[in-house]
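Visitor: Given the sequences, and given the hints that come with them, work out the whole structure.
These protein sequences, in sequence, are chains A and B. First residue of the first sequence: 408, per our numbering; consecutive thereafter. First residue of the second sequence: 212, per our numbering; consecutive thereafter.
Be a bit skeptical, because a hint or two may be false.
Part of the chain B face toward chain A, derived, beta carbon under 8 Å [what the hints assert, rightly or not]: (1) ARG252; (2) GLY253; (3) LYS310; (4) PHE313.
Derived by calculation from the structure, the hints in this document are not laboratory data. Just so you know, even glycine gets a beta-carbon here, dropped at the ideal spot from N, CA and C.
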Amino acid sequence: SQTIHQWPATLVQPVGSPLSLECTVEGTSNPNLYWYRQAAGRGLQLLFYSVGIGQISSEVPQNLSASRPQDRQFILSSKKLLLSDSGFYLCAWIRDRAPSGNTIYFGEGSWLTVV
Amino acid sequence: SQQGEEDPQALSIQEGENATMNCSYKTSINNLQWYRQNSGRGLVHLILIRSNEREKHSGRLRVTLDTSKKSSSLLITASRAADTASYFCATRGGTSYGKLTFGQGTILTVHP
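Guide: Written as structure tokens, this is what we have:
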């Protein structure tokens, strides 16, 4: 069966410090991978998606970047965090790319507080 | 801009009552999905309805889709305290990368 791991679960970082959130998927190959951000009490905003190694698309301009060094690894990074980067970050994957296809699976999320 | 918009934003009911949440969207879709999120956790998929379907059932869940009105509803029957969570609709359009666009969610509180 497929599983998705995301870490760290929580972190508190000072403004201006770097960030690295990691996500790995097990039990599948060549998944589409996604990073979402959720502000407190709000819906999810898609930040980045990747359809393959080294292929990253950004949905919104921001202080963050993403990389996919391996097929099942997706990393969210920042060189200098801003207060506005605080939020709940969710990694997700989907196996079926067909428009009528199946569901997206989420990790447990990473709580980031920038102080 | 947000594709899916849920209504109401918050819903408070007693155990045993039915809970109905609505979702409206703006552009054409291939499918619409409902997700549940317990506080501080990841999202869990509940049910998917395709654009050529009008109604779907899964246990105590019933989802309807009206593509002419660009709206969907999620009904939870005989609610339980454990159903307390946020519920999101998400739409998937005609792209190959499978982007899901989420609404703002409905916060459901079921009182025992």
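Visitor: Each hint needs a verdict: does it hold in this structure or not?
Guide: These are the hints, each one checked on the structure:
no.: 1; hint: ARG252; result: 6 Å, holds
no.: 2; hint: GLY253; result: 4 Å, holds
no.: 3; hint: LYS310; result: 6 Å, holds
no.: 4; hint: PHE313; result: 4 Å, holds
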